[in-house]
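Engineer: Let chain Z serve as the given structure and place chain U with the ligands on it in line with the hints.
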Amino acid sequence: MLTEKYPSEIQAIFAKYPVKRSAVMPLLYLAQREEGYITKENMQEIANLLDLDVTEVAGIVGFYTMFHDEKAGKYRMQVCTDLPCALRGADAFLEALCDNLGIRVGETTPDGLITLEEVKCLGGCHRAPLFQIQEGDMVAFHENMTVEKTMELVEALRKSVNSSPRAATA
Amino acid sequence: MAYLLLRHRDIPGLENIEIYKQNGGFRALEKAVTTLQPKQVVEEVKASGLRGRGGAGFPTGVKWSFLPDTIWPHYVVCNADESEPGTFKDREIMEGNPYQFLEGVALACYAVGAAEGYIYIRGEYYPIAKQIEACIAEMEKQGYLGDSLFGTQTSIRLKVHLGAGAYICGEETALLESLEGKRGQPRLRPPFPAVVGLYGKPTVINNVETLTNLPFIVEHGAAAFREFGTEKSPGVKIFSLSGNVERPGNYELPLGTPFRELIFTHGGGIPNGRKLRAIMPAGASSSIIRVDDSNFDRVMDTPMDYESVPSLGSMLGSASVIVIDDAHPIDWVIKKTIDFFQHESCGKCTPCRDGNYWMKHLTTRIHAGKAIAADVKLLDNVAAQVYGKCLCALGDFSTMAVRSAIERFPEDFEKVTGNS
Ligand SMILES: Cc1cc2nc3c(=O)[nH]c(=O)nc-3n(C[C@H](O)[C@H](O)[C@H](O)COP(=O)(O)O)c2cc1C
Ligand code: SF4
Ligand code: FES
Chain Z
27 MLTEKYPSEI
37 QAIFAKYPVK
47 RSAVMPLLYL
57 AQREEGYITK
67 ENMQEIANLL
77 DLDVTEVAGI
87 VGFYTMFHDE
97 KAGKYRMQVC
107 TDLPCALRGA
117 DAFLEALCDN
127 LGIRVGETTP
137 DGLITLEEVK
147 CLGGCHRAPL
157 FQIQEGDMVA
167 FHENMTVEKT
177 MELVEALRKS
187 VNSSPRAATA
Chain U
203 MAYLLLRHRD
213 IPGLENIEIY
223 KQNGGFRALE
233 KAVTTLQPKQ
243 VVEEVKASGL
253 RGRGGAGFPT
263 GVKWSFLPDT
273 IWPHYVVCNA
283 DESEPGTFKD
293 REIMEGNPYQ
303 FLEGVALACY
313 AVGAAEGYIY
323 IRGEYYPIAK
333 QIEACIAEME
343 KQGYLGDSLF
353 GTQTSIRLKV
363 HLGAGAYICG
373 EETALLESLE
383 GKRGQPRLRP
393 PFPAVVGLYG
403 KPTVINNVET
413 LTNLPFIVEH
423 GAAAFREFGT
433 EKSPGVKIFS
443 LSGNVERPGN
453 YELPLGTPFR
463 ELIFTHGGGI
473 PNGRKLRAIM
483 PAGASSSIIR
493 VDDSNFDRVM
503 DTPMDYESVP
513 SLGSMLGSAS
523 VIVIDDAHPI
533 DWVIKKTIDF
543 FQHESCGKCT
553 PCRDGNYWMK
563 HLTTRIHAGK
573 AIAADVKLLD
583 NVAAQVYGKC
593 LCALGDFSTM
603 AVRSAIERFP
613 EDFEKVTGNS
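Each protein sequence line maps, in turn, to chains Z and U.
With the first sequence counted from 1, adding 26 to any position gets you my numbering.
With the second sequence counted from 1, adding 202 to any position gets you my numbering.
Same shape as in the complex, but just chain Z (with noise of 0.2 Å):
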């Protein structure tokens, strides 16, 4: 249960609106935080604390592309492919990604550290190629890619799981 797991930040979450249904997208980020994505309890839960209908909280999280509803790899790595970075080789980029990381976009590496997914503009198309790095209700930006680097970046998030299983993105 949410409201058990972190009472205080729920509390903090609604005096921040005069009106509680301004709280279901903080709350949702909150629901994400452990498992990367947003159980059918969860948001049963949140539609009871905001007096709504769970199919009015399923549409929001279906509505907004960084809420998830299906477990994914530990970490999202996002790249984006929008106009601006693929002008600086952004598609590029992804393949060479996908032939290292031996999977397709859309899919999880076999031991689910990394899901590989495709995004539009993140704001930082000057710094392509880029990805983000969502994980739980976290996200980090890696501006000025390289197969290499990433690869490296991969091999660090891989370590640092083994080594403890709640290590951050940055």
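If you're looking for bench data, these hints aren't it; they were derived computationally from the structure.
Computed from a predicted model, the values in this text were never measured in an experiment.
For every residue, glycine included, the Cβ atom is placed at its ideal position computed from N, Cα and C.
Don't take each hint at face value.
Some chain Z residues judged to face chain U by a derived CB distance under 10 Å, without partners named [unchecked claim]:
#1 27
#2 76
#3 80
#4 150
#5 153
#6 165
With a cut-off of at most 25 Å between alpha-carbon atoms, the simulated BS3-like pairs for lysine-lysine come out as follows [stated by the list, open to error]:
#7 403/U / 46/Z
#8 562/U / 550/U
#9 591/U / 579/U
#10 617/U / 550/U
#11 175/Z / 185/Z
#12 46/Z / 384/U
#13 332/U / 31/Z
#14 223/U / 233/U
#15 562/U / 42/Z
#16 617/U / 562/U
#17 46/Z / 332/U
#18 66/Z / 361/U
#19 384/U / 97/Z
#20 579/U / 46/Z
#21 617/U / 42/Z
#22 233/U / 361/U
#23 384/U / 42/Z
#24 550/U / 384/U
#25 31/Z / 579/U
#26 42/Z / 361/U
#27 42/Z / 591/U
#28 562/U / 572/U
#29 403/U / 241/U
Structural biologist: Okay, now just chain U with the ligands, sitting in the frame of chain Z:
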């Protein structure tokens, strides 16, 4: 010239509140709260001619004066959703010069009598949102936000709301829906947010860069602000330069600076010995400007301001200048822009939702070399059907690159359709 917005490039450490204070920080806010009536701030901003930097270029002071005095409370909402492909200026402001930005938000609150302001930051900027929250806490601690500001009756509180990945939430009414905890789909207008906005109350919505101009205007006055830029487009602007240039990045320049200076002097020109072929001055939402031997100088000498860019059949918008060289076919460019809009259409109205579905189908087929000339006509036709028939401007935006590409770069389409 000293920076007005990207001042952190002149003053290292400006993201630290003490350094900001040592460099004149919060003087404008103190001046406004302790010596000016809110109406006087509105008048000064009107006189400055400041126009919204989020894309539409609407005069900021005029927009503020639409809020009715009879309905309360008023809200200020800052649009930090920055999602137009090719735009990365608000991010640099918030990272490098966060206190000037927040002082600007507080000034807007004071001007329209809002005790609460929300800053809607796109979810991808999570680390920046955390930083801005920490800056707000610091300002509260030091008495620049909160109750009884500078010993007066004025209270101003700011709060950060994190988006979750949706370009449409940059559209102001969709942003309000999202902030109210709904799906981010635009509202029917009228009523306009100035009258019925956040939680049904009068609301001002302004872009990050717009608000970051306010401390300068309030401290130094409208005339000082007008020393930069042109008569109708006063002030400086941050141009986000991306694509095929040697030095992509943000460039703060007076409005009215010619394309040549941005792309060649600052941006270092086109790499790899390639030629400049096309410019999209307003991100993916632009009509594409064709550059060739016949018009090179005319395009390069065109001033980048709200009045002049339309003479090239395009728009200044958010000044996200995407440069395209002659190695990239234009049928591929519009495939990319339609991939974006098709993904970002909120689905509320049929012309935008279905039109973008068909445009995606057609641009993909054309780029794959599997289309005939009639498909290009059909694409143009679909775009024409979408234009002007949608609830919000995203629908129109989605057609800009497509229609201008077909009209201005016919040879690229003849090549892929074999002119059959
Ligand atoms: C589809 C769409 C996306 C938009 N995205 C943004 C955005 O990311 N940031 C922004 O400031 N304005 C954006 N706008 C413009 C806003 O609707 C609004 O005009 C602006 O925030 C007003 O602030 P300003 O007057 O200070 O420019 C967008 C508009 C549309 C139609
Ligand atoms: S024009 Fe497109 S994005 Fe705008 S409301 Fe209609 S469907 Fe949504
Ligand atoms: S296009 Fe990739 S970050 Fe903007």
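Engineer: Now look at each hint and say whether the structure bears it out.
Structural biologist: Against the structure, the hints:
no.	hint	verdict
1	27	21 Å, violated
2	76	7 Å, holds
3	80	14 Å, violated
4	150	6 Å, holds
5	153	8 Å, holds
6	165	4 Å, holds
7	403/U / 46/Z	16 Å, holds
8	562/U / 550/U	18 Å, holds
9	591/U / 579/U	19 Å, holds
10	617/U / 550/U	36 Å, violated
11	175/Z / 185/Z	15 Å, holds
12	46/Z / 384/U	12 Å, holds
13	332/U / 31/Z	21 Å, holds
14	223/U / 233/U	14 Å, holds
15	562/U / 42/Z	41 Å, violated
16	617/U / 562/U	19 Å, holds
17	46/Z / 332/U	22 Å, holds
18	66/Z / 361/U	29 Å, violated
19	384/U / 97/Z	24 Å, holds
20	579/U / 46/Z	50 Å, violated
21	617/U / 42/Z	57 Å, violated
22	233/U / 361/U	23 Å, holds
23	384/U / 42/Z	16 Å, holds
24	550/U / 384/U	13 Å, holds
25	31/Z / 579/U	58 Å, violated
26	42/Z / 361/U	7 Å, holds
27	42/Z / 591/U	37 Å, violated
28	562/U / 572/U	14 Å, holds
29	403/U / 241/U	19 Å, holds
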